[in-house]
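Chemist: With the hints as your guide, set chain E onto chain X.
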Amino acid sequence: MFDKTLAELAAGLQKGEFSSTELTGAWLERIKAEDSKYNSYITVTEEQAMAEARAADAAIAAGTAGPFTGLPIAHKDLFCTKGVRTSCGSKMLDNFISPYDATVVARFRQAGAVMLGKTNMDEFAMGSSNESSYYGPARNPWDPERVPGGSSGGSGVAVAARLAPAATGSDTGGSIRQPAALCGITGLKPTYGRVSRYGMVAFASSLDQGGPMAHTAEDCAMMLNVMAGFDPMDSTCLDREVPDYTATLNEPLQGLKIGLPKEYFSATLDPQIAERVHAAVAEFEKLGATVKEVSLPNTELCIPAYYIIAPAEASSNLSRFDGVRYGYRCDNPKDLEDMYKRSRGEGFGAEVKRRIMVGTYALCAGYYDAYYNKAQQIRRLIQQDFIRVLEEVDVIMGPTTPHPAFRIGEKSNDPVSMYMEDIYTLSLNLAGLPGMSVPCGQVDGLPVGLQIIGNYFAEAKLLNVAHRFQQATDWHKQAPAGI
Amino acid sequence: MEWEVVIGLEIHVQLSTKTKIFSGASTAFGAAPNTQACAVDLALPGTLPVFNENALRMAVMFGLAVNAEIGKRSVFERKNYFYPDLPKGYQTTQLAEPIVGPGFVDIETDDGVQRRVRIHHAHLEEDAGKSLHEDFHGMSGIDLNRAGTPLIEIVSEPDMRSAKEAAAYARKIHAIVTTLGICDGNMAEGSMRCDCNVSVRPKGEEKLGTRTELKNINSFRFIERAIDSEVARQIDLIEDGGSVVQETRLYDPERNETRSMRSKEDANDYRYFPCPDLLPVVIDDSYIEAIRTTLPELPDARRDRFMNEYSLSEYDAGVLSAYRPQADYYEQVAGACGDAKLAANWVMGELAKYLNQHDTDITQSPVSAAQLGGLLLRIKDNTISGNIAKKVFELMWSEGGSADEIIEAQGLKQVTDTGEIEKIVDEVIARSDKQVEQYKAAEPEKRGKMLGFFMGQVMKATGGKANPGAVNGILKQKLDALCD
Numbered sequence: 000m001f002d003k004t005l006a007e008l009a010a011g012l013q014k015g016e017f018s019s020t021e022l023t024g025a026w027l028e029r030i031k032a033e034d035s036k037y038n039s040y041i042t043v044t045e046e047q048a049m050a051e052a053r054a055a056d057a058a059i060a061a062g063t064a065g066p067f068t069g070l071p072i073a074h075k076d077l078f079c080t081k082g083v084r085t086s087c088g089s090k091m092l093d094n095f096i097s098p099y100d101a102t103v104v105a106r107f108r109q110a111g112a113v114m115l116g117k118t119n120m121d122e123f124a125m126g127s128s129n130e131s132s133y134y135g136p137a138r139n140p141w142d143p144e145r146v147p148g149g150s151s152g153g154s155g156v157a158v159a160a161r162l163a164p165a166a167t168g169s170d171t172g173g174s175i176r177q178p179a180a181l182c183g184i185t186g187l188k189p190t191y192g193r194v195s196r197y198g199m200v201a202f203a204s205s206l207d208q209g210g211p212m213a214h215t216a217e218d219c220a221m222m223l224n225v226m227a228g229f230d231p232m233d234s235t236c237l238d239r240e241v242p243d244y245t246a247t248l249n250e251p252l253q254g255l256k257i258g259l260p261k262e263y264f265s266a267t268l269d270p271q272i273a274e275r276v277h278a279a280v281a282e283f284e285k286l287g288a289t290v291k292e293v294s295l296p297n298t299e300l301c302i303p304a305y306y307i308i309a310p311a312e313a314s315s316n317l318s319r320f321d322g323v324r325y326g327y328r329c330d331n332p333k334d335l336e337d338m339y340k341r342s343r344g345e346g347f348g349a350e351v352k353r354r355i356m357v358g359t360y361a362l363c364a365g366y367y368d369a370y371y372n373k374a375q376q377i378r379r380l381i382q383q384d385f386i387r388v389l390e391e392v393d394v395i396m397g398p399t400t401p402h403p404a405f406r407i408g409e410k411s412n413d414p415v416s417m418y419m420e421d422i423y424t425l426s427l428n429l430a431g432l433p434g435m436s437v438p439c440g441q442v443d444g445l446p447v448g449l450q451i452i453g454n455y456f457a458e459a460k461l462l463n464v465a466h467r468f469q470q471a472t473d474w475h476k477q478a479p480a481g482i
Numbered sequence: 000m001e002w003e004v005v006i007g008l009e010i011h012v013q014l015s016t017k018t019k020i021f022s023g024a025s026t027a028f029g030a031a032p033n034t035q036a037c038a039v040d041l042a043l044p045g046t047l048p049v050f051n052e053n054a055l056r057m058a059v060m061f062g063l064a065v066n067a068e069i070g071k072r073s074v075f076e077r078k079n080y081f082y083p084d085l086p087k088g089y090q091t092t093q094l095a096e097p098i099v100g101p102g103f104v105d106i107e108t109d110d111g112v113q114r115r116v117r118i119h120h121a122h123l124e125e126d127a128g129k130s131l132h133e134d135f136h137g138m139s140g141i142d143l144n145r146a147g148t149p150l151i152e153i154v155s156e157p158d159m160r161s162a163k164e165a166a167a168y169a170r171k172i173h174a175i176v177t178t179l180g181i182c183d184g185n186m187a188e189g190s191m192r193c194d195c196n197v198s199v200r201p202k203g204e205e206k207l208g209t210r211t212e213l214k215n216i217n218s219f220r221f222i223e224r225a226i227d228s229e230v231a232r233q234i235d236l237i238e239d240g241g242s243v244v245q246e247t248r249l250y251d252p253e254r255n256e257t258r259s260m261r262s263k264e265d266a267n268d269y270r271y272f273p274c275p276d277l278l279p280v281v282i283d284d285s286y287i288e289a290i291r292t293t294l295p296e297l298p299d300a301r302r303d304r305f306m307n308e309y310s311l312s313e314y315d316a317g318v319l320s321a322y323r324p325q326a327d328y329y330e331q332v333a334g335a336c337g338d339a340k341l342a343a344n345w346v347m348g349e350l351a352k353y354l355n356q357h358d359t360d361i362t363q364s365p366v367s368a369a370q371l372g373g374l375l376l377r378i379k380d381n382t383i384s385g386n387i388a389k390k391v392f393e394l395m396w397s398e399g400g401s402a403d404e405i406i407e408a409q410g411l412k413q414v415t416d417t418g419e420i421e422k423i424v425d426e427v428i429a430r431s432d433k434q435v436e437q438y439k440a441a442e443p444e445k446r447g448k449m450l451g452f453f454m455g456q457v458m459k460a461t462g463g464k465a466n467p468g469a470v471n472g473i474l475k476q477k478l479d480a481l482c483d
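Top to bottom, those sequences are chains X and E. Take 0 as the starting number for the first sequence in numbering that gives the first Met the number 0 and just add one per residue. Take 0 as the starting number for the second sequence in numbering that gives the first Met the number 0 and just add one per residue.
Honestly, the hints are just simulated from the structure, not real lab data. Keep in mind that the hints are not guaranteed to be accurate.
Said to hold, decoys possible - Heads up, incomplete: computed chain E residues facing chain X, CB under 10 Å, no partners named:
1. Leu-41
2. Val-49
3. Lys-87
4. Tyr-89
5. Ile-141
6. Asp-268
7. Tyr-269
8. Leu-278
9. Val-281
10. Ala-408
Claimed, not checked - Derived DSSO-like pairs: lysine-lysine, alpha-carbon spacing no greater than 30 Å straight-line:
11. E:Lys-477 - E:Lys-439
12. X:Lys-373 - E:Lys-78
13. X:Lys-352 - E:Lys-78
Bear in mind that the values here come from a model prediction, so they are computed numbers and not experimental data. Glycine included, C-beta positions come from ideal geometry on N, C-alpha and C.
Excised from the complex, chain X in its bound form (with noise of 0.2 Å):
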């Protein structure tokens, strides 16, 4: 059971081979015997999820139920859930109980999802690791001592180590694709305005997306169908038709031109990963596709105007943490000064206070146009690069990071370092663009990630090109020893 993909699972509850309460009970015991290992979880939510299954098998007995009915998962937790606490990882929101749903963590309990729990994360999804949790570092499942990534950390590890089926995840700048890769599973980061963002805690409010995160591609298309679509209470999200995801997954890919950007394989690319993505790319070859090598001329740009767009929308979003509504307050404030300084100085962590000091000086009066001006004027450059690119090919593939999965603590005094590993990815949060990530083989025993780009809401044409290449290989379906 604990093998079957959400598509199997789904088969199995409507020929009545299992029921959801079964599946949802044998899912949580479970995660009771093994999360320990891997701190997958901040929260539990095993009353809420019986309770949300037996409703799920009255649907199923009455006839009513849709494809996601009864289908156990875990939502990252950032994003809101009506009575259960929605902490982001942090020590600020660690009493916060949210009194309303995120618009995805409704759609999926509209669409007869069951909630699981809460997973692990990077505090307020700022980091690469899950080690800025305040709830301690979630562990990767294929090497307990290395990090999964992040800051989806914990949903990475929810689904590698069959803690949950599937996993809600959101990226600001790799945030899915990255600790996918590390940890062996399939993301996909939608385009930006593809799902709502209300009720998802905010990082970088133009950069955040939330997506899911599975084993395979058709089951990132189940959870797409559910998640994307037009939100009056987002106004960033776009009213277009949203298709049905799981219709075109097994269209050929025959004459799928592909590009590979030569500065995507640079001299900072493990030879080993690369080595793995080059497989990958003949695969696809294989099925009838056509490479060509592409230039992003401006890639390298795009980690120093990340780090000054992402703190800076930050610095300000994170404002509201002040300790006058919720949230954690310090004990006995002298005054008002002093309450804001030490709930807030208390509440965060280092990560975050680090980002918001870099964001807070980037919008100071005499470094805006230094600083945020032109971090926008490099974003619109990056973003040019890709639309000229994605005119002469269909999908851009390269790797999701340049290592496999670094040890715990390895990076944690050296930010730009820990900064880097995002190399590949933050330049799609600049541009709008999707991406995913899928398994494409092993480096001394660690995943490695395939990202694949596509053009503004080809979400589709990704999930296609991607389950295909899962029909022709099998690394999705490689489980950490002991799993």
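Modeler: Using the frame of chain X, we list chain E on its own:
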């Protein structure tokens, strides 16, 4: 030395949308604290703003009414600072690309100074909540009902040269926004609030003096008094060899003085940047022109029409047209009684007096325009005198009813029967030998003034109901006959 005063105003106008600028919560005033603050207003994690189009429409109406350029593209920005009643830690406002660009209004003070005041721009923004410092045992309470109420902030150029001009400008803005129906104009409830930038310079000097900003003044009278006291303070300071410090000052109406709130050095760096949760607002000519067709007659146009159509003085026409419900009321009264001047006197006189005494807005007046019109008709047709009409009005105000009903029930109908009046006049003359002798002894041209005594006696005898014109004529005729 002769000093010139330079004043610019920033006026915050609460727009009368039903819901807030970025959320669906109600904007009604006076609810229990925090009952009109939804998840978005409380800035719960994950919430996002959605722009209320009605606020846009109202801002465009204002722009058109002050002859301004309308921003076809306007951008919301975040103004970042920490304050307990500012839930998000930033105010969503407009800076570089506001909805209303440069415009102007023409003002006139009650002592006849006319001036064109340029408007630099007006922008849309959200109001903050309120901090309550009483009743919390040394702590502060926060009420977020007001948080997210839509505002337009109207920024004038420093074109005003006296406190009177500043007050006239504020009155004109008030007249425009209430006429447009985009603000209830209730200054006591904070629907319109005024910051005044004040500086002085030697007459003839081009360079502006250092200014101070007087915050949050909520009545026209206080605008005038606050500026006058601040101007006096600045001139005293400079003449004593000191210099004005750029700072924010608060006006204390009880002591009629301003005092320092914070200096420029304490000013925040607000770190403005475009709000990534909101898209730029883009509108086209057809949107703007469609709104133009909905504009009501504006105060200046109505004043001019009142002068032409009703032959009112500029002053009367200006007062009556300044507040739309009053102007509407006046026109109904004038139509009902057919005498525009009489209607103006009553609306600006007796009615205004009662409204003031009872602190009542004209929209809540217990005496309707139709009732008042009916009353004035009875003055016109000599059924009652002006003095009796005041008595009828008082009853109308307190107990209701039409003029005819009250006149009938109280027996106030005027005596116009000359036979009856002659009889009473004869009686009065017969018992007033002393006054009659004085009348006879007086120079003929001074006798007119002496009629007052006899008039009063006749009115007393008739309970005020005798037609004053008729009494006057008969008295004069009979007394003059005695003089021959």
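Chemist: Against each hint, give a clear statement of whether it holds in the structure.
Modeler: Here is what the structure says about each hint:
no.	hint	in the structure
1	Leu-41	holds, 6 Å
2	Val-49	holds, 5 Å
3	Lys-87	holds, 5 Å
4	Tyr-89	holds, 6 Å
5	Ile-141	holds, 7 Å
6	Asp-268	holds, 5 Å
7	Tyr-269	holds, 8 Å
8	Leu-278	holds, 6 Å
9	Val-281	violated, 13 Å
10	Ala-408	violated, 60 Å
11	E:Lys-477 - E:Lys-439	holds, 12 Å
12	X:Lys-373 - E:Lys-78	holds, 20 Å
13	X:Lys-352 - E:Lys-78	holds, 20 Å
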